[in-house]
Structure formats: C-alpha cells, structure tokens
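**Q** Going down the list, the protein sequences come from chains A and B.
Quick note on UniProt numbering: the first sequence kicks off at 1 and runs consecutively.
Quick note on UniProt numbering: the second sequence kicks off at 1 and runs consecutively.
Hints may be right or wrong, so weigh each one.
Just so you know, same-sequence chains aren't split out, so a pair can sit in one copy or run between any two.
Said to hold, decoys possible - Below, in silico cross-link-like pairs of lysine to aspartate or glutamate (EDC-like), each with a Cα-Cα straight-line distance of 16 Å or less:
1. Lys503 - Asp531
2. Lys415 - Glu168
3. Lys253 - Asp120
4. Lys205 - Asp228
5. Lys458 - Glu473
6. Lys415 - Glu527
7. Lys503 - Glu520
8. Lys573 - Glu549
9. Lys458 - Asp505
10. Lys573 - Glu604
11. Lys205 - Glu232
12. Lys587 - Asp557
13. Lys172 - Glu580
14. Lys573 - Glu452
15. Lys458 - Asp178
16. Lys195 - Asp221
17. Lys458 - Glu180
18. Lys253 - Glu145
19. Lys438 - Glu613
20. Lys587 - Glu558
21. Lys606 - Asp616
22. Lys172 - Asp315
23. Lys607 - Glu484
These are calculated hints, taken from the structure and not from any lab test.
Protein chains: 2
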Amino acid sequence: MFMLQLTSRIPLARSFIIPRGISISQSRPKCQITRFSGVSGLASQLTNDEVAQIEGQIKSKGDEIRALKDSGADKATVKPFVEELLSLKAKLEPPAEPKKKQEVGKKGGKKGGNNKSDDDDYITPRETDYSTWYSDVIRHSAMAESSPTRGAMIIKPWGMSIWELLREDMDKRIKNEDVENCYFPLLIPMSFLTKEAEHVEGFAKECAVVTHHRLTGSPDDPTNLIADPAAELEEPLIIRPTSETIIWNSFRKWITSHRDLPLKINQWANVLRWELRTRPFLRTSEFLWQEGHTAHATAEGASEDAVKMIGVYEDFCSDMLAMPTITGKKSPSERFAGAEETYTIEAMMQNGWCLQSGTSHDLGQSFGKAFDVTFQASDSSISPVYGTSWGVTTRLIGAMIMTHSDDSGLVLPPKIAPKQVVIVPIPAKKNDEEGAEKLKASLDSLVKGLTERGVRVKVDDRDYLRNGAKYFEWERKGVPLRIEIGPRDVKNDVCVFKWRKWKEDKESVRLEDAADKVVEELEQYQEYLLDNARARLAGGTRLDVTYDEMKSLLVNDEASQYPGAGLFLVPWKCDAANEEKIKEECKATLRCYPKDVNDMKMFEGKKCFFSGEPADRMALFGRAF
Amino acid sequence: MFMLQLTSRIPLARSFIIPRGISISQSRPKCQITRFSGVSGLASQLTNDEVAQIEGQIKSKGDEIRALKDSGADKATVKPFVEELLSLKAKLEPPAEPKKKQEVGKKGGKKGGNNKSDDDDYITPRETDYSTWYSDVIRHSAMAESSPTRGAMIIKPWGMSIWELLREDMDKRIKNEDVENCYFPLLIPMSFLTKEAEHVEGFAKECAVVTHHRLTGSPDDPTNLIADPAAELEEPLIIRPTSETIIWNSFRKWITSHRDLPLKINQWANVLRWELRTRPFLRTSEFLWQEGHTAHATAEGASEDAVKMIGVYEDFCSDMLAMPTITGKKSPSERFAGAEETYTIEAMMQNGWCLQSGTSHDLGQSFGKAFDVTFQASDSSISPVYGTSWGVTTRLIGAMIMTHSDDSGLVLPPKIAPKQVVIVPIPAKKNDEEGAEKLKASLDSLVKGLTERGVRVKVDDRDYLRNGAKYFEWERKGVPLRIEIGPRDVKNDVCVFKWRKWKEDKESVRLEDAADKVVEELEQYQEYLLDNARARLAGGTRLDVTYDEMKSLLVNDEASQYPGAGLFLVPWKCDAANEEKIKEECKATLRCYPKDVNDMKMFEGKKCFFSGEPADRMALFGRAF
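Bound conformation, chain A alone (with noise of 0.2 Å):
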C-alpha cells in the first residue's frame, strides 16, 4: 500500500475549485507510483512509462469512485477520491489528444462557433447538470452532433453502428410477427392530411410544407439561390410526420376480401416534425423509425395485435438495451389521435423523469372508416377493417444512453455495442523483435478466437496515441470490455481484462481462457446493467405517496436535476380533468396505467391519492421527457 501525497490542478473552465494537499490512500499494488508533485504540464517532463503509470492510477481511481457510488456512498466518502482523480489528471495535462488537435488547429476560426465545447474533453456530472452531462456524453461518444438544419442532428457512425444493430435485432422481431416491409413516399399531398380531421389535430400542423420544386438564380443577384416563382406546386406536399394517410390510402386498393386481412407492413424511415425545443436523440426535428400497420377483420384482431407488438418492445428492450419498461395503457387524454387504445412502454432515466419509449395503437375501425377500407367477410357481408400502428424511433438510442451511462460517459449493453471488445497492445521495446513477433502472433490468435465466436472487436494499434489516450476514449464510448496486451503479458500467457463498469480491478486472464471467458462475461455484463436498471427503476418508483407529497417532490424537479424525484404509483379514479390539474399544478403527466399492478387490482380497496374517491386502477405519474 502507498501513500500518495496529491495537490490538483483542473482546467479554468471547471467551475469549481478542489483544495489542495488532500491526503489519501491507494490501494491498487498494480500500480507502482511513489510520489508527484502537481505541476501543471509535468506530462512533457514524464517518460512514457511514468505517464502509461499515472494513467493506470487513474483508471483505477475512476474505478474505485465508481465502485463506491454504486455501493451508495454519500458525496462527502466520494468526494476525497473525486480530487486525486483531479489531481492525477492534472499530471498530465494538456492531455495528449488534446493536444495535438491544438496544434493542428492553427486555421484559426474555421471550425464555427462551437469549437471550445467540441475540444474540450470534460463531462460534467450527473449531479452538476443531468442535461449538460447527457449532451457532453454524446459529444464525447461521437454518437452525433448537431447540424446546420435546425433541429437536425448528424449521426456519427458510432451512433449509426447503434442504430443498425439496433434495427437490424428489431427488424428480425417484427418480421417473426408476419409483418413485411415496404416503403412509401416521403412527400405526402396536402389535400390527404385532410381526410382525418382527428387525425389531423392529433398530429401534422407542425410540418414541413415543400410548396416549390426548382431552385433558380435571384432576380437581383443571379448567384443567388431562390425558390422559383414559376414552380411553384398546385397542391403543397407534406414532409411525412407519419404516414397513416398514405399507407391506408394504399390499403384501400389491397384490400378487398377477408383473405387478405391480416395485412401487416412495415417502414423504417425519416421522419419530421417541426420541433420547438430538441434533444439529440430524444427529440429533434427529423428522426429514423419503424412505422407498422395492420389491419385486420375483426376487433379483437388487431387488438390482440397492439397488446402484441408493445410486447415486442418491452422485450426487445430489456433484451438488448437492457432496459427495463413499465408497461400499460394510455389514459384517454395521452392516447393517440384517432386510437381506442394507446399501449406504452416508460422507460425511467436516472434524472427519475419518464421516458416515453414506444407505443402502440388499437385503432379500432376508425381509420379504417376515415379512408374507407372494407373487406367482404366469408358471409359476403362488407365492412371497415380494424387497424393497428406502433413504432420505435431513434429515441430508444437516448433511452438506451440515460438509463446505463455515468460520469465518464457513454456505458454499452453488450449487444447493442459496435465493438464490445478493444484491445489495446503494449508494444514491445523497440529492439525486443522476439518480444514484438510473440505479441502479435498472441494478438492474432486473441482476435481470431474472438472473431470466430462472434464477438465484435477493435484493436487499437494507433502508433501516435499513448495507452492512457486510448483507455480515455473507449472508457467514453462505452465498449463494455478493454483487454490490454503487453510482451510481459505474453511472457506469462496472459492478458487483462478490464470492464467499463461492474468488476472494479483489472483481472488477468490465462490467453487460452480469454476467448471463452469474453463470451461468458459480456452475458453476465448485460444481465448486471439489466439488475442495475431494474433496481434503480425499482428504488425511483414511489409507493403510497400523497398528493402532497408528490407535489413538493415535483415542485423543483427540472430534468437538469439528478438523481431527481423519481415517478409515483399511485391508486387512481379515472378523471381526465384531475389529471389536467395535476398536470398544471406538478407538470407531471399520468404516464400509463401499468399493466401487472392493474392485473393484480392493486388499487382494490384503495382510494384516489387526488380525488379521494374509490380508485379504479392504479397510475404512474412523472415528469417525461
């Protein structure tokens, strides 16, 4: 055990101040380090193996911090390792990434407005800022930034792998419903979004209009673009918000007898609504989903296909996102436009706002009626189809990132992670050509048994990036499992495993075991953020609350706020109004009846926590995203 003697040193920009000479004991025998003094800039000073030590101080360190929060140490036992971790930092400030982005970027102002938080590489915590920290997570990922179009956002490709495995897993889902594919156009005439009235106010005011189809030269300044008079459409067409008016319109002319109901189709598409206030991923203007819809010749039919489908979602969520749902219905207000019934998944963040993850739809016969789709029964009989639609948007991705990831950023359920392996090689001394060749042929082996059982994994061989560098940056991007490999490693058969979170110290693990133990342990990761997820979703839901109560609990609770005041489960008399003066007076929206306390009755006996009257159901009440 060693004894470190610690002053800090953090960048200006931080706006908080760390008292020096903080004393305090560090127990990893892994790493040997004596003493340093804080001086800013010693990095230059630092031989490699002095700064490849200090960086392993402070991984451990950032695990040791982690370890005790998950154990539920208060801020004052944390707060003591928080400073040597700023401290250790320090040493090696400026950073070598950083570093070498400043001197490359000597174009002056070229890189826009924003480039003081694109280069900055601090993540503020949860506790300072839960929204600042989620976007500084997503910046710090490179999962997306924002774009010139307002509202937009760009998906980077760590981001988009996010997406694909993503869709990919959920598409195999859906298919195994007998849904198929299709797509449909993303310009929908005007006149269609008539047809719904309900519709209509349910969903499409906020709209992109396209009203011309040519672009043509300024009449005063020809270089300059304007849309031009002349092509200017008869009837405007509408950017998708959703494509209910098109695909019924469709299902009008493929559907005539009994025989081709259940007809199920799916779209994965863009899709835009004109949003005032946007978040990456969980709100912005344009976003990528899957769309289904169905329709069917019976009520039951497609009822028993909405309940279906929320299923699919629950279970993919839990799954793959390792993230747990509560499942129910919408109450009348919160249903879709034009529904019978809206079913939902709510997802909590760890802010203890609700996230609204999917729904799903019984429509009834009432689209079926609106664009006048019917079908002869076997009896000859002619009527409106009964429909469903249910959907899941890029949104999941934001779901996915607030319920696991921490203050050092991004954290990846396993099947859901474009690598869930990197392995970073310790190179050999530069005469060791015996030390190199044994290296790389134990990495080669290491990544071909990894390959072969499927594992998705990245060796980081960058030759211009220290260890600690690479440990910075996929610790960020979430990779569940870093295997360091080094020549000594070699010598003894072994590399290390070290987990983004779960197991705090680094273990060694015999090379020939390595494969086989990835595989094992990514299982057990996923399950260990799943029981994390479940616990905190558990510990965040609030039982036999008062209104009062929930309302001083409400009062402050801003999303920016972590951990926040959690959501409430609460007996219920279903009343519209009320849940309009809840809303007002708490901002917190009744975000679904759950089904399995509902299918329990365990608001029998029990009485209305607003009203007082006998509850009818029980109520999940929070503030959502």
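For this one, chain A is given, so just place chain B on it according to the hints.
**A** For chain B alone, coordinates are given in the frame of chain A:
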C-alpha cells in the same frame, strides 16, 4: 404422344388475333390429356383434377416456348406454340384469382382510375412493347406501384425484400473497404447549395423546396389546410438531391490532421430530384440509395478509392445480380459536375439500351477547395483534401429486372430472391389421413433441410387457390425454383423440381437428395443467368461499324423496341463537339470509355469512326435510359 386440336380465345384487351384450329404436337407424357374444345368459361364446368391437368399443360407449353426462344428459334417457329398456350389458358377463363377479385370488387369506383390495369393479369410481350412489358412485369410481380405523390413509387413487400437483400450485401462490401455509416439531415439550408456554383449547375435546381413549417386552416374554410403564412421559413430548405454540401460542411469540422485521413463515410438514404419523366425503379423523383463520401491526403488516395469503389459495384452486379457491366470512364462532358474523373458501370438492357447502374467520382481537390476542407500534413504544411463520392440506387433493381425477366414475368437471380424456393404441396384426398400425415412429415423435413442450408423457402399452402394459380403467381414473381410434392410423390420418396428459367423439364428428385440438390443447383442457376446475360451483352455490342451504319440503326430505336439496335464500341478521337453532334443526330450518348478494351489499346492504328482522325481511345455509344 398426343395430338391436340386447339381453338383459342384471348381477352379482347390483347390486341392481336390468333387463328383457330391449329394442330400441334404435344410431347409431354406427364400430361395425360386427350382433347379439349376451346369454350370460354369452361373452367367452371371442369373438375379440380381436370383443371390441374390443364394447368400442368400450360406450364409445360410455356417451358417449351421459352426453350425454343432460348435456343434461338425464330418467330414463325415459336408462333404456333404461343397460340397453343393461349388456347390452353383460355380453357381456364376466367381464371381463379381474378374471379375472386371480381366477386369482391363490388365496391364500385373505390379503387380509383387504374383499377382495370391492376386486375388485368396480362403481361405485354417484349416484342409488342418493351416499355409496357417492363411496367407489366413490375405490376404483376407486386414489386412496386405508383403512388399519389407525383413521380414517387410505393415499394411493395416483394420489391422491398429485394432492396433489403441488395442493401445488406452491398453494405458489407462497403464496410469491408473501411467505410463507416453515418446519417445526415434530409433538409439542407438553401445557402449551402450556392457554395459550389459548379455543383449547383450540375445538380440541384430541380428539387423540392420547403418554405413553411406549419399547416393551418384556410381563412375561408378552416377544415381546408394551407401552408401557414405566419410560418414561412427565413431561409428555405431543400430536400437533399445528394448530400455533398452538408457532408463536406462536416468534413471541414472533422478533418484537421493527416491522421484524420482517409475519412470514409457512407449513408443509406432517400433523396429527391424533381424528374419530369419517371419510370418505376429506373427514374423516380424520390429514390433510395447509398452515397459514399471520402477525403484523402493525396490525389492518388482519392483516385485509387474511386477506382476501387467502381470495382466493388462491378463485382456486386456480377456476383449478386448476375448482371455483367461495362466499366469505364465517362467522357468530360458526361462527368459529374466538379469531378476530375467519373467512373461508371453500364449495363445493357434487353432492348439494347444502356443503363448507367452506378458511378464513382474522383473529385480531386474541387470539394476540398470549395468547402475549405484542409489538413495539416506531417511536415506541418496545410492543403485542401482530395475527395471522392460514389453511389448506387434502387435503379439497380430496374437493371436487374430488365436483364433477366421474360414474357412470363420477373426472373430473379437466387442471391437476390426474397424466396429462392416455393414449395407447393398437392393436398391428399379428403379421407386419406395417412397420406396427409406422410405428406406433412415429408414437407416439414424438406423445409427443415432447406432452412438449415440457408435457403429462403416459402410453402404455399393457401387452400383457396388452385395449384395452377399458385404456379402462375410465383412464376411472375420470379422465384427461381418451384417444388411440387403430393401424396403420390411422397409414396415414391420424391418431389418435383421446376425451374423458373434454365432446365425446361420438370425433374423428379429423391427427397433425401432434394435439399443438397437445391443448394447446388441454385448456384448453377445463378451462373446460368449470368452467362446468358453475358452472351446477350456480347451479342448486342457491335464492333467495326461505321457512323452511318450506327445512325441508321439508331434512327428509329426507341425504348419500347425489342430487341433494339444495341450498343456500339468504336474507335474514337475525344471531342466534345462531335459527341454533341452524335447525340443530336442519333440520340445516342457516349456511355463510357470501357476499361478493358482501352487497357488493351484496341484503338491503336484505327481512325475515329466519326471524325476520321487517329483514334485515341475506344468509346461505347448507345441509347440510354
């Protein structure tokens, strides 16, 4: 051998007349038929067995005709066979499937104007009108249909599955080249398009312009929606016709050092160009595509990448679509605006027209300069990056259709077929429970064997359709192999193979060998289609032709003609003005300078076929879609 006395009747919509009473030999011992008189509507008086027999005959006759045509038989030889086929078909008029539609089609004008053509099951032969044939094939295979949005199509499940198979395979090939997927916004600020004047000139004028972000009720009629005048955008937004402008705007932020290069990204997206004349898959206002964009530190890097990607496309077309292409460079006047070199793959359709099926552009520094994207080299010098872009679209599906399909409908290469095998079980007689059980057991085992081998198989057990109607439907959908299996087959431990094209005879196959044989023969069938297409391309490309000969061949060559004049590979002296003259006189364009013949310097010692000057390359001329 049987002699058939035939009379014929064809629907009035078919605009040619078949003489009655032609005598013709019928050589299939399997079809145990004696004699029919060609009475309209006879089908309703036939027993099921009789109907099945006629259906079998129709199939056999169709196969004979295709075999004759494939063997190069002339029209006169084929004609009586066609007449016999039509006569056979007439026995079953009205056919089972359309009859059902007529029964339930009592809803009057509900289906809209093109009701008739939707229900009509006639495919116009290529020789009658190639363009109509193409539309008929698409309609009757249910790949796509027109939409209420001008110029946009609805891709139906069969077409969408093909696109998904195509996308999945192409995506792997692209990622194999170290390209990462991203997603950029659909809408692009109008000002972006003015940044690269040359780029705008080539591309962006005919595009959809978004000018408003809200709908509202019209002042005179609040139930009628209009674009809200209060919600006009300060700067209009363009629906991407291609994404260079917005992607290079990000490149400027993402690239600073040579370490950031090469940067290779791709996106799968919908794009929109306001096309005046559209054809499904070949040219639609909205279409689906992938667009790859790369940045490099050197001119060679960009140039190699552009060449490599056109090679990826060429291999894909050959491997997956069984479609040979001619790879080459575009002439300067046909280059992508801003490109230093445009590489293209050109395919020959069955009417002899060319179809540009994919392009790859070496952009040099033009976009690096236009968008101020620079990088710092290791020697600290700063210079603009070099770029490429490359893409393929849903047009590839149109190319595939027109390469393989025939007068019986779609023909799909197995690798791109949503279903590679359709099994049509012939049910046991009503009281034959043992037969039914054995049939089910054999069927299940066959399906299991095929599925285990990765074969995409469909069992068509619809009980309300006759076998013949099923055969007819899957033939039109282009499924490579049909397997028939009935109680008698099961007793003999066999099933019956019938290929969509290729082998003309039905073949009895031992059940235990069937799955392996399917796998082996699907590969052979894929090769067969590719060989056929190669032979057609070779046969359809003329060498050693004078300009006057070409002109006289092309003067009446229209898309609707089959087979058309084909392509012309000629010695050429590069000259844009002459190219333009040829375009005016022949409507033919210079498709490319084909790589292989130019690598061989086939032009050496020859004179330009137009100017008579010494040729400096070989050029491919032709009409093009």
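**Q** Now tell me, hint by hint, if it's right for this structure.
**A** How the hints compare with the structure:
1. Lys503 - Asp531: Classified as within: same-chain Cα gap 14 Å, cross-chain 58 Å, threshold 16 Å.
2. Lys415 - Glu168: Cα proximity of Lys415 and Glu168: one copy only (12 Å, versus 20 Å across).
3. Lys253 - Asp120: For Lys253 and Asp120, only the inter-copy Cα distance (15 Å) is at most 16 Å; the intra-copy one is 56 Å.
4. Lys205 - Asp228: Cα proximity of Lys205 and Asp228: across copies only (9 Å, versus 25 Å in one copy).
5. Lys458 - Glu473: within (13 Å within a copy, 47 Å between copies)
6. Lys415 - Glu527: within (11 Å within a copy, 38 Å between copies)
7. Lys503 - Glu520: within (14 Å within a copy, 50 Å between copies)
8. Lys573 - Glu549: Neither. Shortest intra-copy (18 Å) and inter-copy (87 Å) distances fail the 16 Å Cα cut-off.
9. Lys458 - Asp505: neither (22 Å within a copy, 52 Å between copies)
10. Lys573 - Glu604: Within one copy only: 11 Å inside, 91 Å across.
11. Lys205 - Glu232: between (21 Å within a copy, 13 Å between copies)
12. Lys587 - Asp557: within (9 Å within a copy, 70 Å between copies)
13. Lys172 - Glu580: Intra 40 Å, inter 51 Å, cutoff 16 Å: neither.
14. Lys573 - Glu452: Intra 57 Å, inter 54 Å, cutoff 16 Å: neither.
15. Lys458 - Asp178: between (36 Å within a copy, 13 Å between copies)
16. Lys195 - Asp221: Classified as between: cross-chain Cα gap 14 Å, same-chain 42 Å, threshold 16 Å.
17. Lys458 - Glu180: between (34 Å within a copy, 14 Å between copies)
18. Lys253 - Glu145: between (42 Å within a copy, 11 Å between copies)
19. Lys438 - Glu613: Neither: 76 Å inside a copy, 64 Å across copies.
20. Lys587 - Glu558: Classified as within: same-chain Cα gap 10 Å, cross-chain 67 Å, threshold 16 Å.
21. Lys606 - Asp616: Classified as within; 9 Å inside a copy, 92 Å across copies.
22. Lys172 - Asp315: This pair counts as within: shortest intra-copy Cα distance 13 Å, inter-copy 28 Å.
23. Lys607 - Glu484: neither (59 Å within a copy, 66 Å between copies)
Hint compliance for this structure: hints 8, 9, 13, 14, 19, 23 are broken, all remaining hints hold.
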